[in-house]
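Position chain B against the provided structure of chain A, taking the given hints into account.
Sequences listed follow chains A and B, in order.
So the first sequence is numbered by the working numbering: it starts at 35 and just counts up by one.
So the second sequence is numbered by the working numbering: it starts at 35 and just counts up by one.
FYI, nobody ran anything at the bench for these hints, they're computed from the structure.
One thing to keep in mind: the hints can contain errors.
Stated by the list, open to error - In silico SDA-like cross-links for lysine to any residue, where the CA-CA straight-line distance does not exceed 20 Å:
{"no.": "1", "chain 1": "A", "residue 1": "Lys36", "chain 2": "B", "residue 2": "Pro252"}
{"no.": "2", "chain 1": "B", "residue 1": "Lys232", "chain 2": "A", "residue 2": "Glu241"}
{"no.": "3", "chain 1": "A", "residue 1": "Lys232", "chain 2": "B", "residue 2": "Asp261"}
{"no.": "4", "chain 1": "A", "residue 1": "Lys36", "chain 2": "B", "residue 2": "Gln236"}
{"no.": "5", "chain 1": "B", "residue 1": "Lys258", "chain 2": "A", "residue 2": "Met35"}
{"no.": "6", "chain 1": "A", "residue 1": "Lys36", "chain 2": "B", "residue 2": "Glu268"}
{"no.": "7", "chain 1": "B", "residue 1": "Lys344", "chain 2": "A", "residue 2": "Asp59"}
{"no.": "8", "chain 1": "A", "residue 1": "Lys36", "chain 2": "B", "residue 2": "Arg255"}
{"no.": "9", "chain 1": "B", "residue 1": "Lys36", "chain 2": "A", "residue 2": "Leu259"}
{"no.": "10", "chain 1": "A", "residue 1": "Lys36", "chain 2": "B", "residue 2": "Thr226"}
{"no.": "11", "chain 1": "B", "residue 1": "Lys317", "chain 2": "A", "residue 2": "Asp59"}
Unchecked claim - Rough simulated footprint, nothing fancy, chain B against chain A, three-plus residues with beta-carbon under 8 Å:
{"no.": "12", "stretch": "37–44"}
{"no.": "13", "stretch": "51–60"}
{"no.": "14", "stretch": "86–94"}
{"no.": "15", "stretch": "259–273"}
{"no.": "16", "stretch": "305–315"}
{"no.": "17", "stretch": "323–332"}
Glycine included, every Cβ here is placed at the ideal spot set by N, Cα and C.
There are 2 protein chains.
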Amino acid sequence: MKKLINHVDDVLAESLDGFAAAHGDIVSLGEGHLFVRRRTIRPGKVALISGGGSGHEPLHAGFVGHGMLDAACPGHVFTSPTPDQMLAAAEAVETGAGVLFIVKNYSGDMMNFQMAADMFERDNATVIVNDDVAVENSTYTTGRRGVAGTLIVEKMVGAAAEGAGKLAALKTLGESVNRATASMGVALTSCTVPAAGKPTFQLGADEMEMGVGIHGEPGRRRVKLSDADDIAAELTGAILKELSPKHGQEVILLVNGFGGTPALELYLMVHAVRKLLAGAGIKAVRYLTGPYVTSLDMAGCSITLTAVDKPMLALWDAPVHTAALRWGM
Amino acid sequence: MKKLINHVDDVLAESLDGFAAAHGDIVSLGEGHLFVRRRTIRPGKVALISGGGSGHEPLHAGFVGHGMLDAACPGHVFTSPTPDQMLAAAEAVETGAGVLFIVKNYSGDMMNFQMAADMFERDNATVIVNDDVAVENSTYTTGRRGVAGTLIVEKMVGAAAEGAGKLAALKTLGESVNRATASMGVALTSCTVPAAGKPTFQLGADEMEMGVGIHGEPGRRRVKLSDADDIAAELTGAILKELSPKHGQEVILLVNGFGGTPALELYLMVHAVRKLLAGAGIKAVRYLTGPYVTSLDMAGCSITLTAVDKPMLALWDAPVHTAALRWGM
Numbered sequence: 035m036k037k038l039i040n041h042v043d044d045v046l047a048e049s050l051d052g053f054a055a056a057h058g059d060i061v062s063l064g065e066g067h068l069f070v071r072r073r074t075i076r077p078g079k080v081a082l083i084s085g086g087g088s089g090h091e092p093l094h095a096g097f098v099g100h101g102m103l104d105a106a107c108p109g110h111v112f113t114s115p116t117p118d119q120m121l122a123a124a125e126a127v128e129t130g131a132g133v134l135f136i137v138k139n140y141s142g143d144m145m146n147f148q149m150a151a152d153m154f155e156r157d158n159a160t161v162i163v164n165d166d167v168a169v170e171n172s173t174y175t176t177g178r179r180g181v182a183g184t185l186i187v188e189k190m191v192g193a194a195a196e197g198a199g200k201l202a203a204l205k206t207l208g209e210s211v212n213r214a215t216a217s218m219g220v221a222l223t224s225c226t227v228p229a230a231g232k233p234t235f236q237l238g239a240d241e242m243e244m245g246v247g248i249h250g251e252p253g254r255r256r257v258k259l260s261d262a263d264d265i266a267a268e269l270t271g272a273i274l275k276e277l278s279p280k281h282g283q284e285v286i287l288l289v290n291g292f293g294g295t296p297a298l299e300l301y302l303m304v305h306a307v308r309k310l311l312a313g314a315g316i317k318a319v320r321y322l323t324g325p326y327v328t329s330l331d332m333a334g335c336s337i338t339l340t341a342v343d344k345p346m347l348a349l350w351d352a353p354v355h356t357a358a359l360r361w362g363m
Numbered sequence: 035m036k037k038l039i040n041h042v043d044d045v046l047a048e049s050l051d052g053f054a055a056a057h058g059d060i061v062s063l064g065e066g067h068l069f070v071r072r073r074t075i076r077p078g079k080v081a082l083i084s085g086g087g088s089g090h091e092p093l094h095a096g097f098v099g100h101g102m103l104d105a106a107c108p109g110h111v112f113t114s115p116t117p118d119q120m121l122a123a124a125e126a127v128e129t130g131a132g133v134l135f136i137v138k139n140y141s142g143d144m145m146n147f148q149m150a151a152d153m154f155e156r157d158n159a160t161v162i163v164n165d166d167v168a169v170e171n172s173t174y175t176t177g178r179r180g181v182a183g184t185l186i187v188e189k190m191v192g193a194a195a196e197g198a199g200k201l202a203a204l205k206t207l208g209e210s211v212n213r214a215t216a217s218m219g220v221a222l223t224s225c226t227v228p229a230a231g232k233p234t235f236q237l238g239a240d241e242m243e244m245g246v247g248i249h250g251e252p253g254r255r256r257v258k259l260s261d262a263d264d265i266a267a268e269l270t271g272a273i274l275k276e277l278s279p280k281h282g283q284e285v286i287l288l289v290n291g292f293g294g295t296p297a298l299e300l301y302l303m304v305h306a307v308r309k310l311l312a313g314a315g316i317k318a319v320r321y322l323t324g325p326y327v328t329s330l331d332m333a334g335c336s337i338t339l340t341a342v343d344k345p346m347l348a349l350w351d352a353p354v355h356t357a358a359l360r361w362g363m
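So that you can see chain A by itself, here it is in the shape it has in the complex (with noise of 0.2 Å):
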């Protein structure tokens, strides 16, 4: 295993004290590492709490800030934060409005976020993001799994809470933009979890991952590596099949890297979907390309298409101050 690491128990706190001290500005630890928080709150605003298993950075701690979350909690790698972990980010940054909780679709993120649900007094509701369309079910899900669609949920609903959002309709907002966007991903090669130290699974040279999982559980199957453009037929046609957009839909494209695959392969895969999007007369208005949704030392790449309206566009556009994401402050 070739990581730049220290003690394989220790990667997750120490990665967090950096970070913290990187974005010192817009976060603060909570005590014990349970979670991260915007450092300034703002009162009445409803509290948007994410969290996950690590190893998927940025998300989520690097979406937390003036415009998305108000607090992430991160378990291990690939392991689900604690309850006790969703409680007490909750208890710091609710400050009367309620708390939205945004879980990824996987078994025990949602159990763990139902058990803060239910323990947390104050009023509180839960999106479940479930955007990955290359499998029902998977090793960790019963259902879709919730992958890089997530931070689009997160950005969107982030604005509309920064804008006085009340709770119920920030669910709304929340499962709305869920059911607008579809994501598929490919793994070239596997990723490497610290505590197992060695890959996940195995790869042969010539093979690839179509469907993969952000944690490397299996996908639709396993096939000869091909080139660009099939790849991204094959990812944008599942998406395409289950958005069924209109002629002439705007999207968000996002293309996201897994960890191991550079800027020049991911802008690549952009052009590739952009063909493929023109030919199906779909219209891109915006784009995100970047390492956003990872996989610890993955290489590949998802494909994240969210069909939007105006409204939804100018949620997307409004103002983001975080480690991730940021424009228009």
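Positioned in the frame of chain A, the structure of chain B alone reads:
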């Protein structure tokens, strides 16, 4: 070779097409993919132009925009751009105040930028960046290599150019920022150039290349894989030896990923370097963490420190709006 590409000959053009589409609000492409330029040029400002081989994205095209470069010339992967590219870029973005070329110290880049400067009939000057303290002379270099510190030179000189800095003063500033900046990197894996189809160099499963260059050039020594604290100590030690900062010196800390290393590890390195800086009485006042000056898919990172005074810090903090760096607007 596992990459998201089509034909190896088309990698650069297809990636640039995707980049230009994704960031069409900021940049446009010169004809024949010769250069990436700001969409909107402000007359009377000194034009800043950089460039170099591709494979280091987002450097340089990702730094074109308000507050940094006016144009960037991408060569083929790890290959210098041609003088024709710099000349075409200069003619496209120069508006009467002259051109400052920012050139990383590689023999090919130096020669080709010099030829372009000689052919260009308007005022121009050149800043050479050579921040890599790992080795003197190298595979493609006489003297020290220019690496991740280049982005700090581009950021500060870019801010000064927006503030109506004159050509001679900007050259002096760039040289001063370069002198205040030192970097060193480590590779855990090789990179693979698409046209070569195989790793540039071979590293054993328990080896790393200490002081590696951003094209996979040899560093100081090949050693047994070590832990993050040890790696940080060697890199930071070499940098501090070069900069000889006084006690209490303020610095910018850039922990740069080489393309195959995810944020989880880069932030852990931030923490490791912070501990060392604290021990040396040095204060990191700004941080930048991520894959900014990459080496294709190489795993590893570099550390860069820039010793700053108040005016330099103000230039760093000044608004910037590029594909890869954005704040204050």
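Now the hints, each set against the structure:
no., hint, result
1, Lys36/A - Pro252/B, "holds (19 Å)"
2, Lys232/B - Glu241/A, "holds (16 Å)"
3, Lys232/A - Asp261/B, "holds (17 Å)"
4, Lys36/A - Gln236/B, "holds (14 Å)"
5, Lys258/B - Met35/A, "holds (13 Å)"
6, Lys36/A - Glu268/B, "holds (18 Å)"
7, Lys344/B - Asp59/A, "holds (18 Å)"
8, Lys36/A - Arg255/B, "holds (17 Å)"
9, Lys36/B - Leu259/A, "holds (8 Å)"
10, Lys36/A - Thr226/B, "holds (17 Å)"
11, Lys317/B - Asp59/A, "holds (16 Å)"
12, 37–44, "holds (count 5)"
13, 51–60, "holds (count 6)"
14, 86–94, "holds (count 4)"
15, 259–273, "holds (count 5)"
16, 305–315, "holds (count 3)"
17, 323–332, "holds (count 5)"
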